[in-house]
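Colleague: As a plain string of letters, each chain reads:
2 protein chains.
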Amino acid sequence: MPDPIDVLAIGNALVDVITTNDAAFLADHAIPKGTMRLIAADEAERLYAIMGAGREISGGSAANSVAGVAALGGRPGFVGRVAADQLGEVFAHDIRAAGVAFDVPPMVDGPPTGRCLIVVTPDGDRTMSTYLGACQELSAADIDDAAVAAAKVLYLEGYLWDPPLPRAAMRRAIEIARAAETKVAFTLSDVFCVESHRDDFRSLLDGHVDILFGNENEVCSLYQTHDLDAAMAELAAHATITVVTRSDKGAVVIAGGERITVPAEPVARVVDTTGAGDLFAGGFLHGMAQGRPLADCGRIGGIAAAEIISHYGARSEVDLKALVAARLG
Amino acid sequence: MPDPIDVLAIGNALVDVITTNDAAFLADHAIPKGTMRLIAADEAERLYAIMGAGREISGGSAANSVAGVAALGGRPGFVGRVAADQLGEVFAHDIRAAGVAFDVPPMVDGPPTGRCLIVVTPDGDRTMSTYLGACQELSAADIDDAAVAAAKVLYLEGYLWDPPLPRAAMRRAIEIARAAETKVAFTLSDVFCVESHRDDFRSLLDGHVDILFGNENEVCSLYQTHDLDAAMAELAAHATITVVTRSDKGAVVIAGGERITVPAEPVARVVDTTGAGDLFAGGFLHGMAQGRPLADCGRIGGIAAAEIISHYGARSEVDLKALVAARLG
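Keeping their order, the protein sequence lines are chains A and B. Residue numbers are given in my numbering: position 87 of the first sequence equals residue 87, and the series is strictly consecutive. Residue numbers are given in my numbering: position 124 of the second sequence equals residue 124, and the series is strictly consecutive.
Treat the hints loosely; a few may be bogus.
Identical copies look the same in the list; a pair holds intra-copy or inter-copy alike.
What the hints assert, rightly or not - Straight-line Cα separation of at most 25 Å, SDA-like style, residue types lysine to any residue; simulated pairs:
#1 Lys33 / Asp144
#2 Lys249 / Asp85
#3 Lys33 / Ile176
#4 Lys183 / Ala146
#5 Lys183 / Ser139
#6 Lys33 / Ala141
#7 Lys249 / Ala149
#8 Lys33 / Val318
#9 Lys33 / Ala140
#10 Lys33 / Asp145
#11 Lys183 / Thr121
#12 Lys321 / Leu205
#13 Lys321 / Ile18
#14 Lys183 / Glu234
#15 Lys33 / Ile174
#16 Lys321 / Glu45
No wet-lab data here; the hints were simulated from the structure. Bear in mind the structure is a predicted one, so any value in this text is a computation, not a measurement.
Just need the whole structure built from these sequences, with the hints factored in.
Modeller: Structure below.
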């Protein structure tokens with residue numbers, strides 16, 4: 001029997017389809033430049049057909065995080081839904097190749113595999129059109145209760161709180177984790193998620209989630225303030241450990257009365273910030289699963305994030321485990 | 001050119017598949033009796049296969065409402081998404097046959113048509129398993145701005161606020177209606193919808209919605225109270241006209257400082273309460289579109305609801321227009 005999974009993530013199983021094009025292309029097809037928007041199946045097919053040749057790599061926020069856990073030497077698993085189609089095969093192959101256990105069978109009936117169609121313009125901007133497809137079909141039946149109970153950390157992606165069926169599945173997974181010794185971690189994902197589900201996200205802090213991730217904008221939106229200190233004071237009133245990521249200013253870990261400042265790791269040149277938050281969370285959770293102190297968890301997150309932004313794409317290109325060992329011991 | 005649409009609804013395009021079976025069938029397949037739950041495509045296929053022969057009729061809450069508008073002599077339209085499959089044809093045929101304009105083309109790519117699998121047990125209980133499918137693919141691109149602007153009333157279903165893409169489409173439709181002279185009506189749909197989107201639903205009352213429908217449980221949930229009077233006092237503080245349906249106690253229309261009590265219409269025998277709220281809303285909105293006073297709108301809603309619950313199914317079986325004329329003049 002293989003070792004049990006230590007960090008089990010539930011998230012969107014998306015394939016990133018990345019092409020380069022100019023701003024006129026976006027304007028011609030009425031795609032708002034520099035934004036992320038959700039699209040329907042037919043628009044996804046139409047856009048995919050006209051985008052031209054692209055690179056297809058498995059993506060998704062929590063999936064990127066657990067790929068980071070694997071690169072750091074952990075034993076992660078991923079739960080998300082793909083269809084029995086070409087993009088579904090791409091996703092399953094890539095995430096397994098990254099060292100992540102992925103056992104949810106592809107769907108035969110239902111919508112195609114979700115994809116994030118990314119147009120990179122010459123100014124470096126990324127314009128994303130996301131079709132959720134099979135991701136929206138994740139239900140409680142897809143969650144292996146025993147795997148949740150056996151994991152050290154269950155990690156949930158706020159993006160997946162948006163569609164109703166996966167939302168119910170994640171509520172159920174939280175219940176299973178609470179009844180076991182499994183820590184529950186949650187990322188706010190995006191300001192639009194916080195705006196749509198502020199009540200739910202706040203109530204998760206009342207005894208349902210042990211670790212919360214968010215960037216400055218997300219935690220400010222959670223408490224409808226522009227004052228980061230005010231938001232952090234609200235967060236400190238909860239038993240939940242909150243990790244506030246602050247881009248080149250590092251991160252702050254709020255654990256009850258304690259605030260731990262995590263310095264930003266040095267980066268020679270920022271090439272592509274995609275996946276920075278995902279890898280920070282992955283590194284942090286790997287540290288937690290290893291029983292490291294919170295300050296070390298923050299450092300591991302920072303090291304993984306710094307590596308990711310030094311090149312294109314959300315998958316590490318060096319031996320992350322060795323890098324952390326060299327920097328942190 | 002045909003007459004313009006007076007009541008334009010945006011909602012779930014669902015086909016109801018109704019079978020009878022015993023409680024043991026539900027227990028054998030771990031389906032919680034008497035509830036409504038969302039299921040994924042593969043579970044929908046599995047359940048459909050084992051349910052046995054059933055009746056298939058077009059359903060969906062707002063779709064039922066506009067079928068009522070048509071039966072009352074109005075000129076309604078419906079916006080919702082189906083797939084190019086057999087159930088999609090059933091939905092489109094039925095709703096057009098009911099006299100509702102329905103022009104959204106069926107989807108070729110993407111998930112199958114949504115369906116509500118209903119098992120009626122010998123005790124009269126209805127156990128519903130809903131697969132949203134193509135309903136979740138409704139996007140802003142499917143909404144005809146000119147039709148929204150030309151309508152007298154835009155009617156939105158709270159159920160459709162749950163999936164993210166239709167939620168964004170409805171926000172956009174509200175903007176178009178506000179910029180025109182189109183009244184916006186919204187139904188809270190279900191307590192679970194209110195619980196998931198309480199913040200959003202409350203903020204809709206701040207200048208976005210002209211008419212709100214809800215039953216006692218839904219409006220109490222909106223303000224997290226068990227006291228109906230307290231909830232109605234909160235509602236009265238908004239410019240939105242609220243219609244609180246109270247089953248056999250009739251309804252209350254709250255319009256600013258004014259409260260209009262609508263008596264329940266007499267019903268010889270209640271056979272099946274399915275669609276009562278839907279038909280009440282349809283009747284009320286038909287009255288609004290005809291420029292009737294609020295008290296009359298309530299009566300028309302009550303008459304349509306009373307007819308529906310006197311027989312099986314959510315489509316009226318008598319000449320509703322004549323019935324209203326006879327009762328109300």
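Colleague: Now, for every hint given, state plainly whether the structure supports it.
Modeller: Hint by hint, here is what the structure shows:
1. Lys33 / Asp144: between (40 Å within a copy, 24 Å between copies)
2. Lys249 / Asp85: Classified as neither: same-chain Cα gap 42 Å, cross-chain 53 Å, threshold 25 Å.
3. Lys33 / Ile176: Cα proximity of Lys33 and Ile176: across copies only (22 Å, versus 41 Å in one copy).
4. Lys183 / Ala146: Close inside one copy (14 Å), not across copies (51 Å); limit 25 Å.
5. Lys183 / Ser139: within (21 Å within a copy, 37 Å between copies)
6. Lys33 / Ala141: Between copies only: 18 Å across chains, 38 Å inside a chain, cut-off 25 Å.
7. Lys249 / Ala149: neither (36 Å within a copy, 48 Å between copies)
8. Lys33 / Val318: neither (32 Å within a copy, 54 Å between copies)
9. Lys33 / Ala140: Between copies only: 17 Å across, 36 Å inside.
10. Lys33 / Asp145: between (42 Å within a copy, 23 Å between copies)
11. Lys183 / Thr121: This pair counts as neither: shortest intra-copy Cα distance 40 Å, inter-copy 41 Å.
12. Lys321 / Leu205: The answer is neither: 31 Å in one copy and 53 Å across copies each exceed 25 Å.
13. Lys321 / Ile18: For Lys321 and Ile18, neither the intra-copy (28 Å) nor the inter-copy (57 Å) Cα distance is at most 25 Å.
14. Lys183 / Glu234: within (21 Å within a copy, 40 Å between copies)
15. Lys33 / Ile174: between (37 Å within a copy, 24 Å between copies)
16. Lys321 / Glu45: Result: close neither inside a copy nor across copies, 39 Å intra and 45 Å inter.
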